[in-house]
Amino acid sequence: MQSAAWYITLISVISLIGVFYFVISNSKVKEEYSSFSKAWYGVRGKWFIFLIILWVTLLIITLKPFPLPSQTENYSDKGDQIIDVSGHQWYWVMSSDTVVIDKPVVFQVTTGDVNHGFGVYNEKLELVAQVQAMPGYTNKLVYTFTQPGKYRILCLEYCGVAHHGMIGELNVKES
Amino acid sequence: MSKATVDKIHYSDAENRGALIAVKAHLITGFLVFLLMMLGGAVMRAAQGALMPSVGADLFYQIMTVHGVGVVGTSAIASTGILWYFLRQYVQLSTKIFWLNFFIFLTGVVIILGSIFLGGYAGAWTFLYPLPGISLGVWSTGAAAGFLIGLLLIGTGFLILYLDWGRAILSRYGSFGQALGLPQLFGKEPLNPYHPTTVVVGTMVLIVDFLGIAAGAVALVIMLINLYNPEFKPDALLVKNLIYFFGHVIINAAMYASVSAVYELLPQYTGRPYKTSKVFYAAWFAIVFMVMAVYPHHLYMDFPLPKWIMIVGQVLSYGSGIPLMVVTGYGALMLVYRSGIQWNTSAKLLILSMFGWAAGGIPAVLDSMITFNKVLHNTLWVPGHFHFYLLLGLLPMILGFTLYLFNIPQEKEPPLVEKLGFYSYAGGALLLSLVFLNSGSNGIPRRWAVHLDEWIPYAQLGAVAAVLVVFGFLLFTVRVLIVLPKAAEPVPAAVH
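Chains as they are written, first to last, in my numbering: chain A, 1 to 175; chain E, 1 to 496.
In short, the hints are calculated from the structure, not lab data. Any given hint could turn out to be false.
Stated by the list, open to error - Cut-off 25 Å, straight-line C-alpha distance, at most; resulting in silico cross-link-like pairs (BS3-like, lysine-lysine):
(1) K275/E to K30/A
(2) K28/A to K412/E
(3) K64/A to K38/A
(4) K78/A to K124/A
(5) K96/E to K173/A
(6) K96/E to K374/E
(7) K78/A to K46/A
(8) K419/E to K64/A
(9) K374/E to K78/A
(10) K46/A to K275/E
(11) K64/A to K78/A
(12) K38/A to K28/A
(13) K275/E to K28/A
(14) K140/A to K233/E
(15) K8/E to K46/A
(16) K30/A to K486/E
(17) K140/A to K275/E
(18) K278/E to K78/A
(19) K96/E to K64/A
(20) K103/A to K233/E
(21) K96/E to K38/A
(22) K419/E to K38/A
(23) K140/A to K96/E
(24) K124/A to K233/E
(25) K103/A to K28/A
(26) K28/A to K233/E
(27) K275/E to K150/A
(28) K150/A to K140/A
As the structure is a computational prediction, the values presented were derived from the model and not from experiment.
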């Protein structure tokens with residue numbers, strides 16, 4: 001997902017630079033506004049329709065199924081791997097530090113003090129999953145690991161002056 | 001206002017001189033603080049790039065706190081200066097109240113600076129409950145209270161100013177609906193293409209900022225009570241909602257306030273009027289609601305938030321970009337196209353602002369989709385998109401307006417210092433934003449004082465970009481300090 005976001009942004013920004021370049025390079029010549037305004041307003045209408053179609057398409061693709069796990073479901077009945085996680089200034093407490101691949105892991109995340117961000121990173125330092133750790137709430141994050149290895153848990157919500165030192169470890173093994 | 005043209009408000013020469021001085025004070029303050037904030041930003045990137053070992057974590061997070069709150073506050077005060085300058089031409093505004101807000105703002109700033117650099121407060125501008133009260137001894141309760149009280153004071157000043165705007169708009173137009181052009185939009189009155197764009201902008205900003213600041217004030221008061229009476233524990237998710245509603249509205253409203261410079265000045269540079277229309281009214285009416293309703297895109301990773309709120313956040317976050325992409329940006333490009341425009345630096349900056357706003361919206365919209373947010377939230381992607389917005393969208397509007405106030409004849413060739421400043425600033429800002437975005441796409445977290453070895457090259461490249469930005473902005477600031485204080489009131493160019 002991350003590289004898709006990057007390339008979409010890059011291509012869109014370059015395209016936009018192209019549009020601005022076209023307009024700016026056509027700005028020094030003077031022409032009556034009425035000679036082209038109607039035609040370009042027509043283009044604007046089409047552009048608007050394009051953005052609306054894109055809007056609806058993106059909403060359908062990205063919201064169905066809803067991309068966040070249900071918070072009301074009782075995962076312990078399903079035989080998933082369950083880890084209770086608690087964030088503290090400035091360390092993580094986890095009920096277990098080992099899970100296996102190809103079987104959903106349910107992280108039940110809360111905090112002992114302030115807001116923290118529970119971010120799971122693989123060995124290549126790619127962010128694979130995250131959820132906030134919030135006072136008074138237990139947030140359920142469900143993720144299925146497909147690659148074994150040593151994963152790191154980094155804090156993704158600023159939580160005080162040792163925020164960057166709040167690093168935990170999770171071992172993901174072959175089943 | 002059903003007339004075909006607009007009657008501008010008449011002020012005496014002395015009143016106009018006083019108003020211009022007040023606007024200049026807002027802008028000069030803005031330039032000086034922005035420059036300092038940019039230096040702070042460059043220092044942070046250099047520290048993350050292991051280029052400044054003397055900046056320890058304590059100092060880094062203090063700079064980070066002042067950088068965040070300083071940029072938001074200064075954006076608000078400078079953009080208010082722009083909108084007030086144009087709005088007072090159409091409604092009767094009080095210069096005394098404009099100054100009152102300015103001095104309350106400065107008082108709040110002094111208190112906040114004291115809380116950070118004397119009290120050691122480093123709870124970030126987001127002051128997420130209960131972090132200000134739980135620092136593990138790094139800062140005191142008094143320092144946290146100072147920060148919150150400083151913010152509360154600044155908000156109060158703005159609320160007083162907005163009461164004056166509200167009074168002025170109501171006394172001229174009778175209702176906010178009239179000022180927004182709603183009777184024309186819904187066909188109850190004939191279309192008046194000369195209804196001032198600035199009045200529409202000013203009314204929208206007044207409504208959303210008033211509500212945003214009021215919500216922020218509630219959060220601040222709740223947290224102040226909690227600081228001194230810890231038995232009182234508000235719901236953390238509720239406070240987070242209030243804070244992000246407040247923060248998102250404030251910074252977005254600063255953008256929308258500054259865009260009045262584009263509406264007012266591009267017609268002067270191109271000789272073409274920016275007429276209001278039903279499409280224009282519809283876009284701004286939609287924005288009133290969208291700006292207030294999109295903030296849940298900051299809270300997707302708070303899974304207990306009701307699902308429907310998240311869906312609304314995603315739907316409207318995309319939607320809020322449409323009025324910009326279809327009306328403001330597109331309209332600005334149409335004004336410029338084959339207009340024979342003389343490209344002075346002000347005009348260049350205003351068109352750059354349209355590019356920055358539109359382009360910055362792309363990574364913002366992506367991050368506002370839950371599917372992407374799951375792996376981009378709270379990475380450097382987020383500062384990437386808002387630095388794009390602010391450095392290439394908002395600040396070029398403020399710069400472009402300030403250079404307009406220089407009152408230099410349009411046909412005069414811009415001095416080398418402006419050209420150099422423009423390219424150093426724009427190039428640096430683009431590079432800086434892209435480095436942030438690329439860092440975010442590589443999973444680098446935001447708000448980390450010390451970076452892992454693998455991330456250091458990104459921070460170093462970011463530091464180089466930041467130096468270019470600081471250099472370009474420094475050139476502009478020096479020029480502003482020399483030229484602006486003595487500049488006379490500009491005479492608007494004819495628009496046909």
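Checked hints:
For the suggested pair K275/E and K30/A, the alpha carbons sit about 20 Å apart, so the restraint of at most 25 Å is met. A C-alpha spacing of about 16 Å is found between K28/A and K412/E, which places the hinted pair at or below 25 Å, so the restraint holds. Among the hinted pairs, K64/A with K38/A is inconsistent with the structure: their alpha-carbon atoms are about 39 Å apart, more than 25 Å. Pair hint K78/A plus K124/A does not hold up; C-alpha atoms about 31 Å apart against a cutoff of 25 Å.
For a cut-off of 25 Å, the pair hint linking K96/E to K173/A is broken: about 69 Å separates their Cα positions. Distance hint between K96/E and K374/E is unfulfilled; the C-alpha atoms sit about 48 Å from each other, more than 25 Å. A hinted pair counts as satisfied when its Cα atoms are at most 25 Å apart, and K78/A with K46/A does not qualify at roughly 50 Å. Between K419/E and K64/A the alpha-carbon distance is near 50 Å, which puts this suggested pair outside the 25 Å criterion.
For the suggested pair K374/E and K78/A, the alpha carbons sit about 24 Å apart, so the restraint of at most 25 Å is met. Taking the CA atoms of K46/A and K275/E, the gap is near 21 Å; set against the 25 Å cutoff, the hint holds. Note on K64/A and K78/A: the hinted pairing holds, with a Cα-Cα distance of about 23 Å set against a maximum of 25 Å. In summary, the hint linking K38/A to K28/A is supported, as the alpha carbons are separated by about 20 Å, within the 25 Å threshold.
Between K275/E and K28/A the alpha-carbon distance is near 22 Å, which keeps this suggested pair within the 25 Å criterion. Distance check on the hinted pair: K140/A and K233/E sit about 23 Å apart at the alpha-carbon level, within 25 Å; holds. At roughly 37 Å between alpha-carbon atoms, K8/E and K46/A are farther apart than 25 Å, so this suggested pair is violated. A distance of roughly 34 Å separates the Cα atoms of K30/A and K486/E; the hinted pair therefore is violated under the 25 Å criterion.
Annotation: proposed proximity of K140/A to K275/E is violated, straight-line Cα distance about 52 Å (limit 25 Å). The hinted pair formed by K278/E and K78/A fails the criterion: a straight-line CA distance of about 56 Å is larger than 25 Å. Taken as a hint, the K96/E and K64/A pair is broken in the structure, with Cα atoms around 54 Å apart against an allowance of 25 Å. At most 25 Å may separate the alpha-carbon atoms for a hinted pair to count; K103/A and K233/E exceed this at roughly 38 Å.
Proximity of K96/E to K38/A is assessed by CA-CA distance (about 46 Å); at most 25 Å being required, the pair is judged violated. For the proposed pair K419/E and K38/A, the alpha carbon gap of about 35 Å is over 25 Å, so the pair is violated. Among the hinted pairs, K140/A with K96/E is inconsistent with the structure: their alpha-carbon atoms are about 53 Å apart, more than 25 Å. In summary, the hint linking K124/A to K233/E is not supported, as the alpha carbons are separated by about 40 Å, beyond the 25 Å threshold.
For the hint pairing K103/A with K28/A, the CA-to-CA distance comes to about 64 Å; that exceeds 25 Å, so the pair is violated. Under the criterion of a C-alpha separation no larger than 25 Å, the hint pairing K28/A with K233/E is inconsistent with the structure, at around 62 Å. Under the criterion of a C-alpha separation no larger than 25 Å, the hint pairing K275/E with K150/A is inconsistent with the structure, at around 61 Å. Our distance criterion of 25 Å between C-alpha atoms is met by K150/A and K140/A, whose separation comes to about 22 Å.
Hints 3, 4, 5, 6, 7, 8, 15, 16, 17, 18, 19, 20, 21, 22, 23, 24, 25, 26, 27 from the list above are not met by this structure, while the remaining hints are.
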